[in-house]
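Trainee: Sequence order for the protein chains is D and S. Each number in this note's numbering comes from the position in the first sequence (counting from 1) with 293 added on. Each number in this note's numbering comes from the position in the second sequence (counting from 1) with 293 added on.
Just so you know, these hints were derived from the structure itself, not from any lab. Please read all numbers here as calculations on a predicted model, not as lab measurements. Some hints could be false.
If chains are identical, the list can't say which one is meant, so a pair holds when it fits in one copy or spans any two.
[To be verified] Simulated crosslink set (DSSO-like; lysine-lysine; CA at most 30 angstroms straight-line):
1. K365 x K325
2. K707 x K374
3. K365 x K664
4. K506 x K584
5. K295 x K608
6. K659 x K320
7. K365 x K633
2 protein chains.
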Amino acid sequence: MKDRVYISDVASHDGKEVSIYGWLYNKRSSGKLWFLLIRDGTGIIQSVAFKGDVREDVFQRCEDVTQESSVKVTGTIRADKRAPGGYELQISDVQILQLTEDYPITPKEHGTTFLMDHRHIWLRSSRQHAVLRIRHEIIRACRDFFDNRGFVLIDAPIFTPAACEGTTTLFETEYFGTQAYLTQSGQLYMEAGAMAFGKVYCFGPTFRAEKSKTRRHLTEFWMIEPEVAYLDLDGDMDLAEDFVEYVVQRILETRREELKAIERDTAALEKVKRPFPRITYDEAAEILKKKEVDFEYGSDFGGADETIISEGFDKPVMVHRYPTEVKAFYMKNDPDDPRKALCVDMLAPEGYGEIIGGGQREDDLKILERKIKDHDLPKEAFEWYLDLRRYGTVPHAGFGLGIERTVAWICGLKHVRETIPFPRLMHRIYP
Amino acid sequence: MKDRVYISDVASHDGKEVSIYGWLYNKRSSGKLWFLLIRDGTGIIQSVAFKGDVREDVFQRCEDVTQESSVKVTGTIRADKRAPGGYELQISDVQILQLTEDYPITPKEHGTTFLMDHRHIWLRSSRQHAVLRIRHEIIRACRDFFDNRGFVLIDAPIFTPAACEGTTTLFETEYFGTQAYLTQSGQLYMEAGAMAFGKVYCFGPTFRAEKSKTRRHLTEFWMIEPEVAYLDLDGDMDLAEDFVEYVVQRILETRREELKAIERDTAALEKVKRPFPRITYDEAAEILKKKEVDFEYGSDFGGADETIISEGFDKPVMVHRYPTEVKAFYMKNDPDDPRKALCVDMLAPEGYGEIIGGGQREDDLKILERKIKDHDLPKEAFEWYLDLRRYGTVPHAGFGLGIERTVAWICGLKHVRETIPFPRLMHRIYP
Chain D
294 MKDRVYISDV
304 ASHDGKEVSI
314 YGWLYNKRSS
324 GKLWFLLIRD
334 GTGIIQSVAF
344 KGDVREDVFQ
354 RCEDVTQESS
364 VKVTGTIRAD
374 KRAPGGYELQ
384 ISDVQILQLT
394 EDYPITPKEH
404 GTTFLMDHRH
414 IWLRSSRQHA
424 VLRIRHEIIR
434 ACRDFFDNRG
444 FVLIDAPIFT
454 PAACEGTTTL
464 FETEYFGTQA
474 YLTQSGQLYM
484 EAGAMAFGKV
494 YCFGPTFRAE
504 KSKTRRHLTE
514 FWMIEPEVAY
524 LDLDGDMDLA
534 EDFVEYVVQR
544 ILETRREELK
554 AIERDTAALE
564 KVKRPFPRIT
574 YDEAAEILKK
584 KEVDFEYGSD
594 FGGADETIIS
604 EGFDKPVMVH
614 RYPTEVKAFY
624 MKNDPDDPRK
634 ALCVDMLAPE
644 GYGEIIGGGQ
654 REDDLKILER
664 KIKDHDLPKE
674 AFEWYLDLRR
684 YGTVPHAGFG
694 LGIERTVAWI
704 CGLKHVRETI
714 PFPRLMHRIY
724 P
Chain S
294 MKDRVYISDV
304 ASHDGKEVSI
314 YGWLYNKRSS
324 GKLWFLLIRD
334 GTGIIQSVAF
344 KGDVREDVFQ
354 RCEDVTQESS
364 VKVTGTIRAD
374 KRAPGGYELQ
384 ISDVQILQLT
394 EDYPITPKEH
404 GTTFLMDHRH
414 IWLRSSRQHA
424 VLRIRHEIIR
434 ACRDFFDNRG
444 FVLIDAPIFT
454 PAACEGTTTL
464 FETEYFGTQA
474 YLTQSGQLYM
484 EAGAMAFGKV
494 YCFGPTFRAE
504 KSKTRRHLTE
514 FWMIEPEVAY
524 LDLDGDMDLA
534 EDFVEYVVQR
544 ILETRREELK
554 AIERDTAALE
564 KVKRPFPRIT
574 YDEAAEILKK
584 KEVDFEYGSD
594 FGGADETIIS
604 EGFDKPVMVH
614 RYPTEVKAFY
624 MKNDPDDPRK
634 ALCVDMLAPE
644 GYGEIIGGGQ
654 REDDLKILER
664 KIKDHDLPKE
674 AFEWYLDLRR
684 YGTVPHAGFG
694 LGIERTVAWI
704 CGLKHVRETI
714 PFPRLMHRIY
724 P
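Let the sequences and hints guide you as you build the complete structure.
Mentor: Rendered as structure tokens:
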């Protein structure tokens with residue numbers, strides 16, 4: 294394959310003969326002409342064979358070749374404004390490596406279950422290409438944001454000895470004679486990291502065994518979690534809005550073509566500029582009350598509540614200071630109102646729900662010990678975490694952003710299952 | 294903390310008064326002088342208090358403050374060639390947030406078990422800082438290499454329905470009434486990715502429940518796995534050597550200070566330039582025979598064998614074409630000698646062992662079906678994988694690079710346990 298040219302690079306081969314190694318995406322004929330759409334993963338190029346210009350066997354192969362057959366197509370690159378992508382290939386030769394028979398995914402409509410069962414080849418469709426290229430760029434943008442600000446990547450462990458937010462949604466495994474749990478969040482470890490490196494983040498898969506079949510839940514999802522020493526809730530909200538603006542604007546800059554391919558309304562994304570609105574839990578509850586939503590003050594917001602709260606804003610909205618009861622034990626209580634936690638959730642606009650959860654952490658040893666006891670958590674599993682309050686405790690804060698929900702929002706997808714290459718859901722572990 | 298200046302930024306505040314929020318790393322006195330070494334995670338700055346120049350209570354606090362107490366230190370930045378880092382802080386005020394008592398890690402020597410039990414605070418030491426900053430940069434370099442070459446990030450799933458390289462070293466979990474296994478490699482999924490996107494990679498944690506206590510094994514380790522459609526073994530080796538040269542040279546460019554801090558012999562790393570030697574399994578076995586090693590031809594190399602093979606080279610050496618029996622079912626047989634697999638292992642120099650394993654994959658449906666049967670693998674779990682050979686199969690190849698072994702080699706560490714923030718070993722799951 295020394296003579297290979299990728300479709301993404303054809304512009305620098307205008308007028309030259311090249312070979313493309315790829316697959317037949319689609320084709321059409323008009324009598325003496327064959328138009329083969331060839332894809333190689335980096336793009337799609339229209340390749341044209343004129344009956345009189347090519348050998349008879351080559352023209353015959355253009356007729357024979359089927360969808361998703363693997364092919365080597367040789368020919369001359371020509372700039373052509375009418376061609377999709379701006380370049381066309383004038384075929385001189387076609388070699389078929391494998392003639393594909395009965396390719397399961399045809400241009401007709403397929404049901405979601407069928408497509409999910411064929412995820413390994415559904416990935417070849419142009420819509421999935423656009424979504425997963427946007428996902429890749431979102432992940433790059435997330436890393437670049439923190440790397441460029443001096444944060445140190447501190448990978449959190451996947452195997453943990455204890456549950457950080459309750460045991461009901463934990464995946465468990467036998468670990469050489471003892472039990473281990475799959476991480477639900479790297480946060481506690483990031484707190485240790487922040488005390489060592491000042492500013493850290495982790496980025497990896499996290500797991501929740503939620504018996505939930507909503508369009509917002511995966512059992513396995515990726516999360517980026519920054520944590521900063523000497524940071525309070527206000528500083529945490531500044532960081533979160535700075536971060537989300539950066540990611541969205543970067544996608545608008547670099548993935549406009551893909552956003553267009555999936556028909557995303559980019560005007561809604563253009564509005565994602567600082568400052569984002571900040572409202573308290575009480576104010577959010579008031580919104581629900583005014584809209585006559587059946588909501589009990591003091592409880593957590595459900596997905597439908599979040600949608601209604603965010604409806605009034607055309608940017609992500611940060612809801613802060615929830616009642617302590619609905620938040621995790623490690624949240625610091627608000628000194629101005631100890632019934633409230635110094636926490637924040639960021640709700641994406643257009644009904645995409647919570648994309649960020651975070652806040653300021655409890656930094657007082659005695660209070661934290663009491664909270665661990667009140668939550669019936671095994672103290673010995675948290676001794677190392679308590680050490681962070683014994684040895685040079687400082688105010689600190691951070692948050693976690695869920696990648697798949699962010700991809701769903703930026704791409705405008707109703708369900709998170711298309712936001713990750715191989716989704717894992719309650720009833721889906723194949724392929 | 295609006296007045297905070299990070300130590301990494303003091304150069305742009307020369308002559309100005311700033312506040313550093315951090316911890317006491319160490320201190321020393323010479324009568325009327327206190328030298329406080331303050332760390333804030335981004336660096337360490339020497340801060341000086343003259344008895345006559347500061348208030349009495351401030352000088353007293355310099356005397357009182359203990360190792361790892363959290364402190365806010367205010368003063369004027371002065372360029373000083375004698376100071377470590379080139380800048381010094383002339384103290385005007387010291388505030389102690391928490392006076393730390395009995396900090397467990399003192400400048401004296403501690404045993405490894407003690408330090409590993411205190412990993413959450415051991416991370417604060419300057420040696421661990423250097424190693425983990427190098428790790429971060431290695432990971433960035435790995436991603437940049439593939440991102441800059443048009444590879445698409447395709448995250449592989451962690452939960453898998455079947456074992457790809459045997460079941461004895463698998464971690465298992467209950468998955469809503471069925472069994473799931475934690476991934477040992479994303480490769481099979483990357484093959485689906487390569488057929489869709491041409492060039493892909495995944496980067497995530499992988500798991501092996503090996504009852505192994507060697508210095509090269511973790512139960513949880515990170516791996517980057519590229520896979521390319523229309524690539525043969527030679528092309529795969531080209532890609533691997535290009536990649537490893539890039540990563541090593543990037544660390545020499547950007548992390549020289551950290552390499553110096555851990556006293557790494559950088560001359561050995563300077564030599565890591567293409568081309569790398571390529572030898573066959575047979576040639577490697579011949580080396581062992583000449584050195585009178587007790588090695589049975591046809592078996593896999595052990596860690597000690599790898600060290601002896603690599604001793605003759607001052608660059609990574611690529612050993613290709615192992616007997617098919619010692620390699621996984623998906624490896625393509627060498628058409629010139631079907632007893633051999635078109636595979637390659639890259640052995641790091643200086644006895645650091647295998648850092649890369651890869652090769653060309655079997656692309657023929659019938660042969661692959663037979664191999665799955667011969668290996669007693671459950672065919673139904675691999676139906677999706679076989680689809681990749683049914684629908685447009687092409688020659689393809691890839692490899693996996695283990696991050697922790699690469700960090701160990703580049704940092705010159707004898708044991709992988711210090712190469713990851715929170716190592717997981719057979720007998721270690723805490724903190």
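Trainee: Enumerate the violated hints, using their earlier numbering and listing them in ascending order.
Mentor: 2
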